[in-house]
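K.L.:
One-letter residues, chain by chain:
4 protein chains.
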Amino acid sequence: MKVRLMSHTPDPERAVALAARLCYSPVGVDELEEQMSREEMARLIRNVVRMGHHSTLEHAAFEFAVEGVSRTLTHQLVRHRLASYSQQSQRYVTQSGFNHVVPPTVRREPAAKAVFDEAMARAGAAYDELTRLGVPKEDARYVLPNATGTKIVISMNARALLHFFELRCCTRAQWEIRTLAYRMLKEVKEAAPILFEKAGPPCTSLGFCREGRMSCGRIKRLKRERLDFVVAPVTGRGGGSKGKE
Amino acid sequence: MKVRLMSHTPDPERAVALAARLCYSPVGVDELEEQMSREEMARLIRNVVRMGHHSTLEHAAFEFAVEGVSRTLTHQLVRHRLASYSQQSQRYVTQSGFNHVVPPTVRREPAAKAVFDEAMARAGAAYDELTRLGVPKEDARYVLPNATGTKIVISMNARALLHFFELRCCTRAQWEIRTLAYRMLKEVKEAAPILFEKAGPPCTSLGFCREGRMSCGRIKRLKRERLDFVVAPVTGRGGGSKGKE
Amino acid sequence: MKVRLMSHTPDPERAVALAARLCYSPVGVDELEEQMSREEMARLIRNVVRMGHHSTLEHAAFEFAVEGVSRTLTHQLVRHRLASYSQQSQRYVTQSGFNHVVPPTVRREPAAKAVFDEAMARAGAAYDELTRLGVPKEDARYVLPNATGTKIVISMNARALLHFFELRCCTRAQWEIRTLAYRMLKEVKEAAPILFEKAGPPCTSLGFCREGRMSCGRIKRLKRERLDFVVAPVTGRGGGSKGKE
Amino acid sequence: MKVRLMSHTPDPERAVALAARLCYSPVGVDELEEQMSREEMARLIRNVVRMGHHSTLEHAAFEFAVEGVSRTLTHQLVRHRLASYSQQSQRYVTQSGFNHVVPPTVRREPAAKAVFDEAMARAGAAYDELTRLGVPKEDARYVLPNATGTKIVISMNARALLHFFELRCCTRAQWEIRTLAYRMLKEVKEAAPILFEKAGPPCTSLGFCREGRMSCGRIKRLKRERLDFVVAPVTGRGGGSKGKE
Chain E
1 MKVRLMSHTP DPERAVALAA RLCYSPVGVD ELEEQMSREE MARLIRNVVR MGHHSTLEHA
61 AFEFAVEGVS RTLTHQLVRH RLASYSQQSQ RYVTQSGFNH VVPPTVRREP AAKAVFDEAM
121 ARAGAAYDEL TRLGVPKEDA RYVLPNATGT KIVISMNARA LLHFFELRCC TRAQWEIRTL
181 AYRMLKEVKE AAPILFEKAG PPCTSLGFCR EGRMSCGRIK RLKRERLDFV VAPVTGRGGG
241 SKGKE
Chain P
1 MKVRLMSHTP DPERAVALAA RLCYSPVGVD ELEEQMSREE MARLIRNVVR MGHHSTLEHA
61 AFEFAVEGVS RTLTHQLVRH RLASYSQQSQ RYVTQSGFNH VVPPTVRREP AAKAVFDEAM
121 ARAGAAYDEL TRLGVPKEDA RYVLPNATGT KIVISMNARA LLHFFELRCC TRAQWEIRTL
181 AYRMLKEVKE AAPILFEKAG PPCTSLGFCR EGRMSCGRIK RLKRERLDFV VAPVTGRGGG
241 SKGKE
Chain Z
1 MKVRLMSHTP DPERAVALAA RLCYSPVGVD ELEEQMSREE MARLIRNVVR MGHHSTLEHA
61 AFEFAVEGVS RTLTHQLVRH RLASYSQQSQ RYVTQSGFNH VVPPTVRREP AAKAVFDEAM
121 ARAGAAYDEL TRLGVPKEDA RYVLPNATGT KIVISMNARA LLHFFELRCC TRAQWEIRTL
181 AYRMLKEVKE AAPILFEKAG PPCTSLGFCR EGRMSCGRIK RLKRERLDFV VAPVTGRGGG
241 SKGKE
Chain H
1 MKVRLMSHTP DPERAVALAA RLCYSPVGVD ELEEQMSREE MARLIRNVVR MGHHSTLEHA
61 AFEFAVEGVS RTLTHQLVRH RLASYSQQSQ RYVTQSGFNH VVPPTVRREP AAKAVFDEAM
121 ARAGAAYDEL TRLGVPKEDA RYVLPNATGT KIVISMNARA LLHFFELRCC TRAQWEIRTL
181 AYRMLKEVKE AAPILFEKAG PPCTSLGFCR EGRMSCGRIK RLKRERLDFV VAPVTGRGGG
241 SKGKE
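Protein chains in written order, with my numbering: chain E, 1 to 245; chain P, 1 to 245; chain Z, 1 to 245; chain H, 1 to 245.
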């Protein structure tokens with residue numbers, strides 16, 4: 001998998017902070033720009049993210065080029081509708097000699113790997129045979145597997161990315177799109193470290209988990225630590241807990 | 001392919017007409033409802049569609065259940081972002097003994113059909129073997145072909161549908177999603193005949209084509225007929241053409 | 001304020017439950033419909049709402065007609081982008097003799113009420129005078145106040161509504177749009193009681209508050225009660241708390 | 001009115017061209033970047049815009065800061081839902097001594113101007129009086145006129161902008177938002193001259209008008225010129241028109 005941050009709003013955190021400030025300020029944009037220090041910007045952004053006032057985050061846009069991911073992944077990915085996609089077409093680009101993605105559960109089991117490799121080879125041979133028989137590319141591709149590699153350009157703004165990371169960095173997401181999500185997160189953290197400092201699954205970003213009995217349990221460990229902390233005074237000096245949270 | 005209109009806004013054309021009327025009327029909704037005849041409604045809806053004032057069309061919602069379509073189709077379908085989808089999961093539902101879709105170009109060519117059938121059988125066998133070896137369903141499915149059948153529930157409002165029909169009823173769309181589009185169009189035409197009376201590709205709905213040299217040529221035939229009509233008086237009785245269009 | 005649920009997806013909870021079931025079921029829609037009891041439906045919907053798997057909620061659409069609200073309210077309202085609006089036009093509908101909305105803080109203070117009434121009367125007189133002088137309606141309306149009454153048709157699906165209620169039923173929302181939100185909530189609760197049984201501000205629907213020091217404090221009271229419950233066993237019989245949450 | 005292009009995707013035309021090329025190319029993004037000349041980029045972008053394959057245009061994002069526009073304008077503006085907004089709040093920012101916008105039809109008519117100025121002064125006095133009486137800002141603003149000046153940050157991608165220009169550069173749009181649209185168009189034409197070279201109302205960008213009898217007539221003049229051109233050969237040397245369009 002190759003993930004590259006192609007471009008983004010120049011100084012994305014400044015864009016967000018200025019927009020956030022404009023909402024609550026009597027002065028104009030020019031003055032705002034002059035007045036705002038980096039510290040002020042950081043404080044504003046953290047507030048906006050923490051309080052869930054996410055509309056200002058939309059002014060920061062990010063564009064990625066992704067290669068070497070499967071069509072399994074992209075079919076999941078493009079369900080995220082608050083984003084823009086340009087994907088390599090199987091209708092117009094020949095898939096002869098196509099690359100493919102091998103799941104880790106297959107890779108680590110030699111018997112499974114042999115079955116998988118054979119399946120890829122046979123699908124490729126069928127595709128070539130069909131095109132040789134005059135079947136158009138757009139129809140020959142019906143024999144291609146979900147594992148087939150593809151390329152896609154993705155644009156999302158910071159708000160959509162935070163939501164994407166909540167869903168797809170979660171252990172409940174499939175490994176391939178989770179890998180993509182973490183790779184994208186790594187890229188945007190470099191471009192906008194404060195904006196994305198708490199980004200990740202809800203257990204990380206929000207401190208809770210809605211998966212119920214499907215939960216991976218990470219939140220329970222986090223909560224238990226936090227609960228111990230809260231509960232401590234009660235079992236301690238006898239002083240009343242104020243439950244300050 | 002099985003396409004069923006599961007439910008829709010009751011009296012979708014009344015919903016659209018009332019909303020359209022409210023924008024330009026001093027009276028309230030209750031009075032509007034009493035006053036508006038079926039003829040008035042029809043006139044209003046035709047105006048709204050023709051003039052492209054499409055926001056009022058969004059008040060009419062339609063929900064479809066679709067079965068027996070391929071993942072090739074659904075990967076294209078879900079790129080339409082102004083819609084809602086619920087699709088059968090290949091992560092959680094076993095695909096053993098999966099159905100598949102055969103393209104017409106394959107079906108009518110016995111040699112191609114043989115290659116295709118063999119490819120489907122082998123992909124199915126590989127899937128079963130992988131799951132038998134302990135590979136989880138979500139990973140075993142990487143060997144499944146694009147042809148694999150799937151089920152999906154689709155909700156779109158009338159505005160999104162008109163746009164969907166423009167793109168997907170066009171001969172430039174792939175045959176499978178074009179078939180779906182025409183089947184959906186047939187369903188909504190029964191529920192809202194005036195709303196969708198001109199729905200279809202842009203050559204039908206708008207009288208133009210933007211495909212340039214990729215065009216199927218249908219628009220040229222339509223235009224030639226229309227041009228002949230416009231041009232006729234000039235070469236005819238000598239009476240001046242008023243260029244009424 | 002007059003709020004009327006004009007129409008909605010017939011049996012909205014069935015629409016949601018069927019879509020949710022389809023995702024995880026090998027059988028088709030027809031069989032699903034036959035098999036599913038009301039109890040099963042209720043269980044499914046509660047799961048979907050609780051776990052935040054909200055995409056299936058989009059298949060239930062609701063349309064409201066709202067009258068007697070101010071342009072202050074509608075300017076806030078139409079910021080919700082996952083919705084459809086048709087609003088009475090001030091460009092085309094005369095505003096002579098316009099209705100207006102009086103805030104409670106003004107109504108209960110006679111001195112303020114006098115100032116307010118005078119302001120409304122003067123704005124109305126200026127509007128009439130401008131149109132008499134030949135200024136078009138669309139420009140004369142520049143003197144009309146935010147308080148001016150308007151009519152609007154709103155369509156939202158159940159997912160968008162849940163989000164709308166979280167933001168606008170909160171005490172931090174302005175009183176007028178909060179009133180609208182609670183009126184809409186009352187309407188949809190009758191049409192889909194299970195879908196909306198926990199709907200409301202985040203303290204109600206999710207059990208948390210992100211407003212920080214701007215919080216109204218309601219969540220603290222709720223949390224304290226819940227914390228007492230959780231903490232109780234620790235200070236109680238000595239039996240270990242399992243922290244079941 | 002002050003309109004400033006705050007920031008945009010660096011090299012927006014390259015972003016669009018690369019995405020467009022990826023869809024139809026077997027090679028990866030790195031190679032594409034090396035290979036593509038400015039001429040190739042220009043050709044690609046013109047194709048994409050002309051053929052209406054607008055999804056690739058979404059990768060180019062633009063952010064504007066706008067000041068000195070009225071709330072009349074912003075209430076219209078924020079109806080465009082495929083965009084992001086951050087607007088100065090009348091709930092939290094005092095409007096004492098507020099600026100306002102004067103429509104040209106008022107400005108050029110002294111009697112109207114006098115009525116208008118008086119109305120602004122009275123609304124301002126009422127606002128101040130209400131706040132002095134203890135009415136909160138969010139309620140005192142109910143007396144403020146539509147003309148009240150506001151500030152707003154707008155983000156739109158190139159696709160949304162093309163659509164915005166089609167609706168709001170049209171003579172049927174109100175003068176204030178039309179002025180904003182042309183000012184924004186001027187800004188983006190400097191940043192991306194090829195992308196926006198045909199941007200404007202549909203008569204300019206597409207060569208047609210859907211306004212029917214509400215049309216300003218510009219399209220008729222354009223069409224008549226074009227029709228004369230097409231018709232000429234028929235009445236001319238007798239050479240057959242090929243109707244190449």
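Keep in mind the hints are simulated off the structure, nothing from the lab. Just so you know, not all the hints are guaranteed correct.
[As the list claims (entries may be wrong)] The calculated SDA-like cross-link candidates involving lysine to any residue, where the alpha carbons are at most 20 Å apart (straight line), are:
| id | chain 1 | residue 1 | chain 2 | residue 2 |
| --- | --- | --- | --- | --- |
| 1 | P | 2 | P | 174 |
| 2 | Z | 137 | Z | 94 |
| 3 | Z | 223 | E | 224 |
| 4 | P | 137 | E | 224 |
[Stated by the list, open to error] Which stretches of chain E does chain H cover? Using the computed rule of at least three CB atoms under 8 Å from a CB of chain H, they are:
| id | region |
| --- | --- |
| 5 | 4 to 16 |
| 6 | 20 to 33 |
| 7 | 71 to 82 |
| 8 | 90 to 102 |
| 9 | 147 to 158 |
Virtual Cβ for every residue (Gly too), placed ideally from N, Cα, C.
K.L.:
Can the restraint linking residue 137 (chain Z) and residue 94 (chain Z) be considered satisfied, given a maximum Cα separation of 20 Å?
P.N.:
holds (7 Å)
K.L.:
Are 3 or more residues of the region 147 to 158 of chain E near chain H, judged by a Cβ distance of less than 8 Å?
P.N.:
This one holds; 5 residues, not fewer than the three required, reach chain H with a Cβ under 8 Å.
K.L.:
Holds or violated: are the alpha carbons of residue 223 (chain Z) and residue 224 (chain E) at most 20 Å from each other?
P.N.:
Holds, because 17 Å separates the two Cα atoms, which is no more than 20 Å.
K.L.:
Starting from residue 2 (chain P), check that the Cα of residue 174 (chain P) is at most 20 Å away, please.
P.N.:
holds (18 Å)
K.L.:
Taking 8 Å as the C-beta cutoff, is the stated coverage of the region 20 to 33 of chain E by chain H satisfied by three or more residues?
P.N.:
Answer holds; 8 residues pass the 8 Å Cβ test.
K.L.:
Need the status of pair residue 137 (chain P), residue 224 (chain E): alpha-carbon distance at most 20 Å?
P.N.:
Violated. Residue 137 (chain P) to residue 224 (chain E) sits at ~33 Å, over the 20 Å cutoff.
K.L.:
Has the region 71 to 82 of chain E got at least three residues whose CB is nearer than 8 Å to a CB belonging to chain H?
P.N.:
violated (count 0)
K.L.:
Counting residues of the region 4 to 16 of chain E whose CB is closer than 8 Å to a CB in chain H, do you get three or more?
P.N.:
holds (count 8)
K.L.:
Is the coverage entry for the region 90 to 102 of chain E by chain H consistent with the three-residue Cβ rule at 8 Å?
P.N.:
It holds, with 3 qualifying residues against the three required.
Hint violations for this structure: numbers 4 and 7, all remaining hints satisfied.
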